[in-house]
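Quick mapping for you: the protein sequence lines, in order, are chains C and R.
In terms of my numbering, the first sequence has 333 at position 333, counting the first letter as 1, and numbering is strictly consecutive.
Count along the second sequence from 1, add 1000, and you get the number used in my numbering.
Mixed in with the good hints, there may be bad ones.
Claimed, not checked - Taking lysine to any residue pairs in the SDA-like style, the calculated list, with each CA pair at most 20 Å apart, reads:
hint: 1; chain 1: C; residue 1: LYS434; chain 2: R; residue 2: ILE1143
hint: 2; chain 1: C; residue 1: LYS424; chain 2: R; residue 2: ALA1287
hint: 3; chain 1: C; residue 1: LYS434; chain 2: R; residue 2: THR1064
hint: 4; chain 1: R; residue 1: LYS1258; chain 2: C; residue 2: LYS39
hint: 5; chain 1: C; residue 1: LYS39; chain 2: C; residue 2: GLU54
hint: 6; chain 1: R; residue 1: LYS1061; chain 2: C; residue 2: PRO402
hint: 7; chain 1: C; residue 1: LYS85; chain 2: C; residue 2: ASP197
hint: 8; chain 1: C; residue 1: LYS408; chain 2: R; residue 2: THR1268
hint: 9; chain 1: C; residue 1: LYS408; chain 2: R; residue 2: ALA1224
hint: 10; chain 1: C; residue 1: LYS241; chain 2: R; residue 2: ASN1130
hint: 11; chain 1: C; residue 1: LYS148; chain 2: R; residue 2: ALA1274
hint: 12; chain 1: C; residue 1: LYS137; chain 2: R; residue 2: ILE1128
hint: 13; chain 1: C; residue 1: LYS366; chain 2: C; residue 2: SER335
hint: 14; chain 1: C; residue 1: LYS137; chain 2: R; residue 2: THR1131
hint: 15; chain 1: C; residue 1: LYS434; chain 2: R; residue 2: LYS1101
hint: 16; chain 1: R; residue 1: LYS1258; chain 2: C; residue 2: PHE140
hint: 17; chain 1: C; residue 1: LYS241; chain 2: R; residue 2: ALA1224
hint: 18; chain 1: C; residue 1: LYS148; chain 2: R; residue 2: LYS1123
hint: 19; chain 1: R; residue 1: LYS1061; chain 2: C; residue 2: ASP433
hint: 20; chain 1: C; residue 1: LYS241; chain 2: R; residue 2: ARG1245
hint: 21; chain 1: C; residue 1: LYS434; chain 2: R; residue 2: ALA1065
hint: 22; chain 1: C; residue 1: LYS241; chain 2: R; residue 2: THR1250
hint: 23; chain 1: C; residue 1: LYS424; chain 2: R; residue 2: ILE1285
hint: 24; chain 1: C; residue 1: LYS148; chain 2: R; residue 2: ILE1128
hint: 25; chain 1: C; residue 1: LYS241; chain 2: R; residue 2: TRP1219
hint: 26; chain 1: R; residue 1: LYS1258; chain 2: C; residue 2: ASN229
hint: 27; chain 1: R; residue 1: LYS1123; chain 2: C; residue 2: PHE140
hint: 28; chain 1: R; residue 1: LYS1123; chain 2: C; residue 2: LYS241
hint: 29; chain 1: C; residue 1: LYS241; chain 2: R; residue 2: GLN1256
hint: 30; chain 1: R; residue 1: LYS1258; chain 2: C; residue 2: SER481
hint: 31; chain 1: C; residue 1: LYS434; chain 2: R; residue 2: SER1057
hint: 32; chain 1: C; residue 1: LYS434; chain 2: R; residue 2: ASN1130
hint: 33; chain 1: C; residue 1: LYS137; chain 2: R; residue 2: ASN1130
Said to hold, decoys possible - Beta-carbon label-pair distances, calculated as ranges:
hint: 34; chain 1: C; residue 1: THR317; chain 2: R; residue 2: PRO1137; range: 21 to 31 Å
hint: 35; chain 1: R; residue 1: LEU1127; chain 2: C; residue 2: SER340; range: 39 to 49 Å
hint: 36; chain 1: C; residue 1: ASP82; chain 2: R; residue 2: LEU1127; range: 27 to 37 Å
hint: 37; chain 1: C; residue 1: GLU344; chain 2: R; residue 2: ILE1285; range: 38 to 48 Å
hint: 38; chain 1: R; residue 1: GLY1136; chain 2: C; residue 2: ASP82; range: 27 to 37 Å
Treat the hints as calculated values from the structure; they're not laboratory data.
Owing to the predicted nature of the structure, the values given are computational and were not obtained by experimental measurement.
For each residue, glycine too, the CB sits at the ideal point set by N, CA and C.
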Amino acid sequence: MTFDYAPAPESQAIVNIDSNYGLFIGGKFVEPKSGEYFKTINPATEEVLSAVAEAGQADVDAAVKAARKAYDKTWSKMSGKDRAKYIFRIARIIQERSRELAVLETLDNGKPIRESRDVDIPLVAAHFFYHAGWADKLEFAGYGPDPKSLGVAAQVIPWNFPLLMLAWKIAPALACGNTVVLKPAETTSLTALAFADICQQADLPPGVVNIITGAGDTGRMLVEHPDVNKVAFTGSTEVGKAIQRAVAGTNKKLTLELGGKAANILFDDAPIDQAIEGIVNGIYFNQGHVCCAGSRLLLQESIADEALHSLKRRLQTLRLGDPMDKNTDIGAINSRAQLSKIEELAKSGEDEGAQRWSPTCPIPDKGFWFPPTVFTNVTQAHRIAREEIFGPVLSVLTFRTPEEAVEKANNTPFGLSAGIWTEKGSRILWMADKMRAGVVWANTFNRFDPTSPFGGFKESGFGREGGIAGLGAYLDTEDNS
Amino acid sequence: MSRVEVRKTHKLFIGGAFPRSESGRTYEVTDTNGTFIANVAQASRKDARDAVLAARSAFAKWSTATAYNRGQVLYRIAEVMEGRREQFIAEIEQGEGVSTKKAANQLDAAIDRWVWYAGWADKYAQLIGNTNPVAGPYFNFSIPDPTGVVAAVAPQDQSILGLTSVIAPVIVTGNSCVVMPSPVHPIPAITLAECLATSDVPGGVVNVLTGAPAEVMPWLAEHADVNALDLTGIVDESVATELERQAAGTVKRVRQPKPGADWYATPTLSRIRAFTEIKTVWHPIGA
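Okay, chain C solo, but in the shape it has when bound (with noise of 0.2 Å):
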């Protein structure tokens, strides 16, 4: 006998989108100067949602001088403490509108309405949350008695998770008195765009948060526009290596978020049920699409084929399909062209004399879609063991000793993230101290919170999102001592 899922699809009516947007910038929507516009779509479906603005240079100016006007005449002299209110409304509208913010992030991105219901829009609620109540207390938190904002903030943000990434950018920023001008991802504004409505409600003094919209040459405009002090980055290796290169000899502070190639590190005593979700959650939450993705699994032999053999099983269990039902684990990936990197990337393991393994399940007609895949048999020289996938894609490999498995795990150029899962403690903390790594999660995977920095080591990126660390990324903490 076999019991099948009913549909449980979320409703659409409670988001109303635009045919179309314009840019945010000193408090008003206004028609872009470039004239340009671009579609955005539902990746599920192919559908187009909207057409959105593609801001140019003259829009980009326009957005600098509207976030320096803020900074100038109202943001840098008001008080902390009412800065703080002012994030403490966003963070409120922000929970009040849960469920919209949710279904339209879920359409634009293509993720399971599960996740930006009960991760995304939580987590962006909290960050501002957080970050409110750190406008007035700046003084406490180690960077000096009176640490000083840095000015305009140029930022931005990838697709995966739009308006949590949004939050983490934003919310620091203002709370320690800088304004902003922030670039979504130009497959995913819709979320940023209601954000902007949402700074209207909280009657944020316009300029103080900008939003222009648009693809990777406004992105290049924003962070070398002279007249930023500060530049926050989160996406690929590549463009922030980029932006390091186009930043260097300014006086502008740099934070990057780029890529990942996590190890997850499974031990023979670990109890492998437990460790198996926590692994499937590492590697398969969000499509994959998540930085510090547990993209390596390496199991100690001794327990490899138990192991290899609860996380298929587990996998044939995962629903794939349409993103707005409440019961599905896979949604779509997020757009064409990263379903192909995806595709040829799990190409290159398969000619490169990996086993590819996949669960069977169906794929919807339209939309973008990658089965949950397991390669074994991978070598550390693979592509798919050095190269960031970013994708639902999972290498095995596997190590004897916990030396090899140190050894292992850090033989990468990044160091975002690793998982450890053991039952012994002492062998949890002198992993921990091993892992050349910014997050290490032992016995769980892929939790976050805004008390809690987050950022990599190597070529990871440099700078922290969350807790007092991530202050620091939106202080003047330098100085010629």
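Starting from the known structure of chain C, fit chain R onto it as the hints suggest.
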């Protein structure tokens, strides 16, 4: 008849040893009047690579030494320097053309700075690190880890105090470094290397390359096994900018030169922060 003194050969300091430059090159160092003081080794690209290799090899052990141990090792540097007071003061006086009193003041400040940073070894993590009250059943803490191998250019003035102010905050947290002292006043740096070699600092934790930063630093800025650059001593903005660009190739952390430093003032934690990485660890809480 007065005795003919035995002069010293001024060499590089790599992996705890004192090699000549593999290039066989030296350059003349003079006092402020142009009078010859010594021929000093002029480091090459190969020397820079050897120094990075030595620094990387030393990192594993130094970065996992206890904070108490690192503090004692730094304090030991101050002790050994104190024993070489006369030599340091004479070298500063001759090289920089300052009075004995000024030279002594500089040395005193340098020795005291080692003591100051020695005391930080087991404290900075308590200030920069913390536990984080996450909204869930997890224990979560953040600690500063050393960044790795740091390539540094010491200030061009205040030969021993500037050098000390750059090296001490880098190594106190467990980093290893390759440092280029002032090419005009390199002699006290070589004497410092001799102090480091005899004060329990493991070989390779500090490597000293005398020579031209503009020639050697680009190799270090591009070297994939260097994690960070400290450009404090780079005075030419265009050189600093180019090094920063090169550093982007492997996403190195870069501390830009900041003019107007007062090396006698008490430092802040900004240098320690610049070359440490916050690592955050999560673990579930459950019965």
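Outcome of the hint check:
1. Taking the CA atoms of C:LYS434 and R:ILE1143, the gap is near 13 Å; set against the 20 Å cutoff, the hint holds.
2. As the CA atoms of C:LYS424 and R:ALA1287 are separated by approximately 15 Å, the hinted pair is consistent with the 20 Å bound.
3. Restraint check for C:LYS434 and R:THR1064: satisfied, since their Cα atoms lie roughly 9 Å apart, inside the 20 Å limit.
4. The hinted pair formed by R:LYS1258 and C:LYS39 fails the criterion: a straight-line CA distance of about 46 Å is larger than 20 Å.
5. For the suggested pair C:LYS39 and C:GLU54, the alpha carbons sit about 10 Å apart, so the restraint of at most 20 Å is met.
6. Taking the CA atoms of R:LYS1061 and C:PRO402, the gap is near 17 Å; set against the 20 Å cutoff, the hint holds.
7. For the hint pairing C:LYS85 with C:ASP197, the CA-to-CA distance comes to about 18 Å; that is within 20 Å, so the pair holds.
8. Among the hinted pairs, C:LYS408 with R:THR1268 is inconsistent with the structure: their alpha-carbon atoms are about 37 Å apart, more than 20 Å.
9. For the proposed pair C:LYS408 and R:ALA1224, the alpha carbon gap of about 18 Å is at most 20 Å, so the pair holds.
10. For the suggested pair C:LYS241 and R:ASN1130, the alpha carbons sit about 30 Å apart, so the restraint of at most 20 Å is broken.
11. Restraint check: the Cα-Cα separation between C:LYS148 and R:ALA1274 comes to about 18 Å, which is no more than 20 Å; the hinted pair holds.
12. Among the hinted pairs, C:LYS137 with R:ILE1128 is consistent with the structure: their alpha-carbon atoms are about 17 Å apart, no more than 20 Å.
13. For the given pair, C:LYS366 sits about 12 Å from C:SER335 by alpha-carbon distance, which is consistent with the 20 Å threshold.
14. Restraint check for C:LYS137 and R:THR1131: satisfied, since their Cα atoms lie roughly 18 Å apart, inside the 20 Å limit.
15. Distance check on the hinted pair: C:LYS434 and R:LYS1101 sit about 47 Å apart at the alpha-carbon level, beyond 20 Å; violated.
16. At most 20 Å may separate the alpha-carbon atoms for a hinted pair to count; R:LYS1258 and C:PHE140 exceed this at roughly 26 Å.
17. Distance check on the hinted pair: C:LYS241 and R:ALA1224 sit about 14 Å apart at the alpha-carbon level, within 20 Å; holds.
18. Simply put, C:LYS148 and R:LYS1123 have alpha-carbon atoms about 25 Å apart, too far for the 20 Å limit, and the pair is violated.
19. Restraint check: the Cα-Cα separation between R:LYS1061 and C:ASP433 comes to about 13 Å, which is no more than 20 Å; the hinted pair holds.
20. Distance check on the hinted pair: C:LYS241 and R:ARG1245 sit about 9 Å apart at the alpha-carbon level, within 20 Å; holds.
21. Distance check on the hinted pair: C:LYS434 and R:ALA1065 sit about 13 Å apart at the alpha-carbon level, within 20 Å; holds.
22. For the proposed pair C:LYS241 and R:THR1250, the alpha carbon gap of about 8 Å is at most 20 Å, so the pair holds.
23. For a cut-off of 20 Å, the pair hint linking C:LYS424 to R:ILE1285 stands: about 14 Å separates their Cα positions.
24. Annotation: proposed proximity of C:LYS148 to R:ILE1128 holds, straight-line Cα distance about 18 Å (limit 20 Å).
25. Taking the CA atoms of C:LYS241 and R:TRP1219, the gap is about 18 Å. The hint holds against a cut of 20 Å.
26. Straight-line distance between C-alpha atoms of R:LYS1258 and C:ASN229 comes to about 16 Å, which keeps the hinted pair within the 20 Å bound.
27. For the proposed pair R:LYS1123 and C:PHE140, the alpha carbon gap of about 18 Å is at most 20 Å, so the pair holds.
28. A distance of roughly 34 Å separates the Cα atoms of R:LYS1123 and C:LYS241; the hinted pair therefore is violated under the 20 Å criterion.
29. Between the alpha carbons of C:LYS241 and R:GLN1256 the distance comes to roughly 17 Å, so the proposed pair stays at or under 20 Å and holds.
30. Between R:LYS1258 and C:SER481, the direct Cα distance comes to roughly 9 Å. Compliance with the 20 Å bound is thereby established for this hinted pair.
31. Annotation: proposed proximity of C:LYS434 to R:SER1057 holds, straight-line Cα distance about 15 Å (limit 20 Å).
32. The suggested pairing of C:LYS434 with R:ASN1130 holds, with an alpha-carbon distance near 19 Å, which does not exceed 20 Å.
33. As the CA atoms of C:LYS137 and R:ASN1130 are separated by approximately 17 Å, the hinted pair is consistent with the 20 Å bound.
34. Between C:THR317 and R:PRO1137 the Cβ separation comes to about 25 Å, which falls inside the hinted range of 21 to 31 Å.
35. Between R:LEU1127 and C:SER340, the C-beta spacing of about 48 Å keeps the proposed range 39 to 49 Å intact.
36. Hint check: C:ASP82 to R:LEU1127, Cβ distance near 29 Å, so the stated range 27 to 37 Å holds.
37. C:GLU344 and R:ILE1285 have their C-beta atoms about 42 Å apart, which keeps the hinted 38 to 48 Å range intact.
38. For the hinted restraint 27 to 37 Å between R:GLY1136 and C:ASP82, the CB-CB distance of approximately 31 Å keeps it satisfied.
Against the hints set out earlier in the document, violations occur for numbers 4, 8, 10, 15, 16, 18 and 28.
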